[in-house]
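Start from the sequences and build out the full structure, keeping to the hints where you can.
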Amino acid sequence: MSFNIQKIRNDFPILSRKVNGYPLVYLDNAATSQKPQQVIDSIVDYYSNYNANIHRGVHTLSQEATDAYEAARKKIQTHFNAKETYEIIFTAGTTHGINLVANGFSDILKKGDEIIVSAMEHHSNIVPWQMLCERTGAILKVIPMNEEGVLIIDEYEKLLSEKTKLVFVNHISNALGTINPIEKIIQKAHKVGAAVLIDGAQSCSHIKPDLQKLDADFYVTSAHKMCGPTGVGILYMKEKWGNKLPPYQGGGEMIAEVTFEKTTYAVLPHKFEAGTPNICGGIAFGAAIDYLNKIGFEAIEKHENELLKYATEKLLEIESLKIYGTGPEKTSVVSFNIEGIHPYDIGTIVDKLGIAVRTGHHCAQPIMDFFNIPGTIRASFAFYNTLEEVDALVKAVKKAKMMLS
Amino acid sequence: MTIEAIQEELIDEFSMFEDWMQRYEYMIDLGKSLPLIDENLKTDDKLIKGCQSKVWLNSEIHDGKITFTADSDAIITKGIIAILVRVFSNQKPQAILDANTHFIDEIGLKEHLSPTRANGLVSMIKQMKMYALAYQTQLKN
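Residue numbers (our numbering), protein chains in the order written: chain X, 755 to 1159; chain Z, 5 to 145.
Worth flagging that the hints you see were computed from the coordinates, not collected in a lab.
Model, not experiment: these values are computed from the prediction.
A few of these clues could be false.
Mimicking BS3-like on lysine-lysine, the simulated pairs with C-alpha atoms at most 30 Å apart in a straight line are [to be verified]:
id, chain 1, residue 1, chain 2, residue 2
1, X, Lys1076, Z, Lys130
2, X, Lys1076, Z, Lys133
3, X, Lys1155, Z, Lys46
4, Z, Lys46, X, Lys1076
This is the structure:
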């Protein structure tokens, strides 16, 4: 399919609205993506035509809902190239998936064991491990990064030892846009027998990962970052880990047999899916994956790279503007500041001009501490953004700068 | 001047502006003119939580009236505090506690009122009222 930007934009009803009297320029895609009509329709269709609880009813509606939900799981498996469908566990989102794995490891870790995370993690990627370390006596180690916002792999290698039980990194940093060399990180961890959990929340809208090729033990992401609804995501775990980890929550769906003396647990993936899931969310996630694949990830990547290159060039023309995250491997995120002006002030003014960017520490305070800044302005682009929208951003930032200096 | 009279004055001033840009330019100017508080008063216990930018608020009481001084690292936030200081400073605790801050809506700052908005206008007013409550309790005892 050829990349027809106008046709794509027409799929997203929200992109034609106005904000503060100006056409909306939505550049906060790293926080959440907008939804195409096809995904919205799948939600309406579900509730209008076959809403029912799944996996338990013999009636037709329940069968239809179960089939659609399981078909979505299959689509997700194919998309991420997991070996088995049951290795895909539906979650409430990335954070839920991380907590599920952290909880599982609380039975595995012993005092003195080590967990490695990177210096460019989101708070949701730091706190669960700190809690896990407090519970188990394990030690948290951090892979440092350099001034470009790139992880120092030599330092990572020094941290690895037979004490390392789990390595956790994001594929792409939400605050900087740096793409981490996860393939290398996974290989090196496996050499010392450590498991690896990859956070794909920021990458899955830009890059189609091949989980078997990557050989990740765990992979988490959220549907809402990739044109799907909020409140649903997936945790991929290799079958061997799925069998090893204890269930996270007790409830319906996750049991095989229950008596008051003993309960036996269901097999994968249901062992980790207690209670009635977000059925509609799962189905709509499948619709989002169909939508993205129809456009094609190669075309998406090409267009986003063009946006990144253009935005970087144009923003750097503004005097005393500094970009954070300048490594060679980057996705379409530009995090920046203008010397002497608080990012919050710029964010406020550009919002008045209809432009949605994120300001603040992006839930990644350690990164801001590293650069010794209170926060940044972050423009994050998606495949439905245009070069004209980059121009609108640059113009708005210039105007803000003029007003604020 | 009573809090109500100051509010009316502000509404009057802001009514001269034709668009948001003039309003914000004025607030930025107010922010620049806000008297800085003593560097040694910019301590963590003076920081207001829930603001995306840092806001320090100090209060003192003289002759039964509260004086506020404040600062922020963001200029628009400073403008907002300058307005609040103008409204609430040199007032009696009870008057601050009773004040209905309707001017915020009327001068076009409503968007800053959302409790989830990270700039924390709500937190600032709440903090000022907390100080007023504390002083009033002191005065009563």
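Right, here's what the structure says about each hint:
no.: 1; hint: Lys1076(X) <-> Lys130(Z); in the structure: violated, 36 Å
no.: 2; hint: Lys1076(X) <-> Lys133(Z); in the structure: violated, 39 Å
no.: 3; hint: Lys1155(X) <-> Lys46(Z); in the structure: holds, 27 Å
no.: 4; hint: Lys46(Z) <-> Lys1076(X); in the structure: holds, 28 Å
Figure legend: structure checked against the earlier numbered hints; hints not met, in rising order: 1, 2.
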